[in-house]
Amino acid sequence: MGNPMKIRAVSKNGITEVKVLMNHEMETGFRKDDSGNLVPAWFIREVSAKLNDKVVMQAAWGPSVSKNPYLAFKIKGGQAGDKVTVSWIDSKGDTRSDDATVT
Amino acid sequence: MNVVRSLHTRRRMLAIGCRFGVAAALGGLFAPRLAFADWNKTAFEGKTLAEAYEALGVDGARESSDIQLMASDIAENGAVVPVQAISNLNNTTQIAFLVEKNPNALTALFTIGPDLVADVTTRIKMGETSNVIALVKADGKFYTATKEIKVTIGGCGG
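Chains as they are written, first to last, in my numbering: chain A, 2 to 104; chain B, 12 to 169.
Keep in mind the hints are simulated off the structure, nothing from the lab. There's no promise every hint is true.
With a straight-line Cα cutoff of 27 Å, these simulated DSS-like cross-link-like pairs (lysine-lysine) come out [unchecked claim]:
1) K152(B) to K75(A)
2) K58(B) to K93(A)
3) K84(A) to K20(A)
4) K51(A) to K7(A)
5) K161(B) to K33(A)
6) K33(A) to K75(A)
7) K75(A) to K58(B)
Covered stretches of chain B (chain A as the covering partner; in silico rule of three or more C-beta atoms under 8 Å from a C-beta of chain A) [unchecked claim]:
8) 86-95
9) 110-121
10) 125-131
Incomplete in silico selection of chain A near chain B, CB under 10 Å [to be verified]:
11) T29
12) V48
13) Q59
14) A60
15) W62
16) G63
17) V66
18) G78
19) G79
For glycine and all other residues, C-beta sits at the position ideal for the given N, C-alpha and C.
From just these sequences and the hints, can you work out the full model?
If you want it as structure tokens, here you go:
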């Protein structure tokens, strides 16, 4: 299920700025553990965001996005009370979806 | 007779239940998939900038002053390097971040739809000092903004 994200969505002058802090190891597959074995890659591969029911943002990521990824983007439109939903799926097929109300 | 009928009813109920069950399962499988962009394996596993460009269909990208790549000159911690790219090019449909000297150059690829401002921010890992590239697709053509970021501590396995 993954761990919850922190999402903040603020509307100003017709633009909704969304800031997301995700909770994920983002293993590159190049790192070795204490005994010298390679830790297999494990990372968020795809991210999408919806404003109410409409998909407004899509992204594909590699393992070189930092651990516990931070993401900020700006949606055209949106107003206080609207719902922003952010979802991700990782390289193991695990998914997570969280939402926030626009303020 | 009664037994036969009740069996019949049960079978019908089961059939209906199954149909609903399958529909729900398919919905669960496919509905979220549709919301995601396709993950371009070849592009993300490209070892060099050239390999990533080829997989992304980039055929000659031009440096453009209409793209702003914002990042600090020196990253104290290569594991967490904040980057922001803003494109002022008309009809921007894609913004990607690439790190020339990382084991895989392509880091993140954003699809800029009609509802999104061409302005994205994230944090990336850098193994060593390298050029970081914001690659923008606008009107079907590719443009770049490049910035060298010096890394004092690497972010890929320390």
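Margin query: Just to be careful, I want the Cα atoms of K33(A) and K75(A) compared with a cutoff of 27 Å; is the pair within it?
Written below: Measuring from Cα to Cα gives roughly 37 Å; hence the hint is violated.
Check: Taking the least C-beta to C-beta distance, is G63(A) closer than 10 Å to chain B?
Finding: holds (4 Å)
Checklist line | Pairwise hint evaluation, K75(A) against K152(B), where the allowed Cα distance is 27 Å at most | finding: holds (23 Å)
Note to self: Check whether the Cα positions of K84(A) and K20(A) lie no farther apart than 27 Å.
What the structure shows: This hinted pair holds, its Cα atoms lying about 14 Å apart.
Item checked: Outcome, coverage of the segment 86-95 of chain B by chain A - at least 3 residues whose beta-carbon is closer than 8 Å to one in that chain -> Per the Cβ count (5), the hint holds.
Notebook entry, point to check: For the segment 125-131 of chain B, do three or more residues have a beta carbon lying closer than 8 Å to a beta carbon of chain A?
Noted result: holds (count 6)
Notebook entry, point to check: Under the criterion of a CB-CB separation shorter than 10 Å, is G79(A) in contact with chain B as hinted?
Noted result: Constraint on G79(A) satisfied, holds at 9 Å.
Notebook entry, point to check: Per the CB criterion, is Q59(A) less than 10 Å away from chain B?
Noted result: holds (4 Å)
Note to self: Min Cβ distance, W62(A) to chain B: is it shorter than 10 Å?
What the structure shows: For W62(A), the interface hint holds, since the closest Cβ of chain B sits about 5 Å away, which is under 10 Å.
Check: Going by Cβ atoms only, is G78(A) closer than 10 Å to chain B?
Finding: Status holds, d = 7 Å.
Margin query: Does the closest beta carbon of chain B sit nearer than 10 Å to the beta carbon of A60(A)?
Written below: holds (5 Å)
Check: Given the proposed pairing of K161(B) with K33(A), does the C-alpha separation stay at or below 27 Å?
Finding: Since the Cα atoms of K161(B) and K33(A) sit roughly 24 Å apart, the hinted pair holds (cutoff 27 Å).
Hint compliance for this structure: hints 6 and 7 are broken, all remaining hints hold.
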